[in-house]
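Quick mapping for you: the protein sequence lines, in order, are chains Z and S. With my numbering, letter number 103 in the first sequence gets 96, and the count goes up by one each step, no holes. With my numbering, letter number 5 in the second sequence gets 21, and the count goes up by one each step, no holes.
Honestly, the hints are just simulated from the structure, not real lab data. All values reported here derive from a predicted model rather than from experimental measurement. A couple of the hints might just be wrong.
[Stated by the list, open to error] Mimicking SDA-like on lysine to any residue, the simulated pairs with C-alpha atoms at most 25 Å apart in a straight line are: (1) K349/Z with P285/Z; (2) K204/S with I122/S; (3) K214/S with A201/Z; (4) K295/Z with E338/Z; (5) K108/S with E338/Z; (6) K108/S with E48/Z; (7) K65/S with E171/Z.
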Amino acid sequence: MNEKVLMRGSDIIGEASVRAGCRFYAGYPITPQNELPEYLSARMVEVGGTFIQGESEIASINMLIGASAVGSRVMTSSSSPGIALKQEGISYMAGLELPGVIVNMMRGGPGLGNISPSAADYFQSTRGGGNGDYRTPVLAPAGCQELIEMTFLAFDLADNYRNPVMILGDGLMGQVMEPVVFPDFLDLNKLPQKDWALTGCVDREARAIFSMYLGEKGELCQHNLELQEKYDRITAQEQRWETIMTDDADLIVVAYGTAARIAESAIEEVRGQGLAAGLFRPITLWPFPTAPLRELAQKGRKIAVFELCLGQMVEDVILSVGERVEISFHGVPGGVIPTPAEVAEFLNSVAKGDGKVGRRIEV
Amino acid sequence: MSAEPVYKKVFGRPESLKEAATHYCPGCGHSIAHRLVAECLDELGLREKTIGVPPVGCAVLAYNYFNFDMIEAPHGRALAVATGIKRVQPDKFVLSYQGDGDLAAIGTAETIHAANRGEMISAIFINNAIYGMTGGQMAPTTLLGQNATTAPGGRDPELHGWPIDISRMLALCDGVVYVERCTLSSIKQIRKAKKAIKKSFQCQLDRLGFSLVELLSPCPTNWKLSTQDSWDWVSEEMVKVYPVGVIKDTTGYEDKK
């Protein structure tokens, strides 16, 4: 067992990434995630990897494409507007079927917005801003130890499915310090073999990695169908979520990441006041844990969705639950972090049905 | 009794080229440039350790013609992709092959910064002063007065800006050790171009830094000229704006001779 250390979220992802076998990082400065490239600028050198400060987010994600194509475990990080710039590269990685990890420490938007923690990029992450019929697994940790688990998982998912994977946090998740225990370094020789990688054509045919299919026999259609088959496998096998105190709950609170941490405190508060509330926390935002949430949506229960934006994940909640139960939403945009007491007011308001905080979703 | 004739192969397909017919138009410079690159790789014994990055543009399908490992890059990003490859696999030979739209317009930032970092990469830059694949739009390198589908009546600096000479810009970067411009419009120049390409490859093998060879290349289809007139236009008009010759050379190679 390794010793417990107190570290900041961004540094934790950096350390976890090298232990998970990442040996290539490229990124461009943007607040609030600069501590991660700063950490890796020194750490990558120590572990014999490569750190590049790219001239832009676009260049950085494209450096990942090259490094991934020759077999390395690769990562980049940014924050909301920077992730917007990376979407072209993410679409290409999906089309080229190249693994890689993208960390997004969300900040307030739209446009330049501000640097405070926000969660307004659920659509950007789960729906993608790049072109084409592609999907990106999105992992949303809610604590520092989970940042480590999700970082390891992200590299494994990326390699196993040959697909980009996103770790979605926010400015708070990057700055918060918590005691954590790191697993040992993975043995690079025991990582999945990449028989598709470009290694030079010694004793084999030349190999090309491409996403363009010009053929007139439906080659691009076939490529898309094969990608879809992969996304179906991911959807079936990789959904992750956590439930807290849902067994006896009359009110199911749905929240992820930082919002889930606030919601958990709010749930403790309202339970003290006699309201039986519980938390459903999606850990994978795509694939969204649809069936487990639907199962919780039993008659007599209500659902309260809380987000640090004006309502994005709530659409997946609606798609999961439909008209089975009453859904209410409360969101705080613009990098403002509400207190647990404010969220508790929302939960009490939903329970009473007085409509004072949040809004009822009409399905 | 006559002796058995002894045949000696004096010309053939380089191993670094696949046995495939290209999609390039008649008179296009790409086929010549492909062959020069392939010959140089063969002669230096590099085919099996080469990883190439083609552009988006007319040469987007270069992996169907070159007989070594290649990866597609998004438009303009070839040198960023090549950077990732070379840093992870420094012992591989890494080559980008890009057109003027790719390298000198949408990919300007990636080009300048890869060069300025001194990435150990060889870039082949095909300048035909037009967007070929998309049908003849104005390129960053289009000459003043030259017609393009998006510069009707000819490129006018007040409306469209000036032709860009990115090779000379790159020569200002400390990470760049060798830049030469040749044309693909005469036998003499083609032979010069091959020497330049080989020298660029040697720069990478000797880990000197970034190098680039610009090839002024005819595009009869989109220039709407005959093949011969296209070659003449390169030799007589393009070279006025883009003079051929060594633009930068800090290799010290000549000194050794």
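| query | Are the Cα positions of K204/S and I122/S separated by 25 Å at most? | reply | 32 Å, violated
| Within a Cα-Cα threshold of 25 Å, do K65/S and E171/Z meet the stated pairing? | Outside the cut-off at roughly 46 Å; violated.
| said: Hint check: K108/S vs E48/Z, CA-CA at most 25 Å. Holds or violated? | reply: 24 Å, holds
| Has the given pair, K108/S with E338/Z, been kept, meaning a C-alpha gap of at most 25 Å? | The given pair, whose Cα atoms are some 62 Å apart, is violated under the 25 Å limit.
| said: Please verify whether K295/Z and E338/Z have alpha carbons no more than 25 Å apart. | reply: 15 Å, holds
| message | Given the hinted pair K214/S and A201/Z, is their Cα-Cα distance within 25 Å? | response | 24 Å, holds
| field | Hint consistency between K349/Z and P285/Z [alpha-carbon to alpha-carbon, up to 25 Å] | value | 29 Å, violated
Of the numbered hints given earlier, the model fails hints 1, 2, 5 and 7; all others are met.
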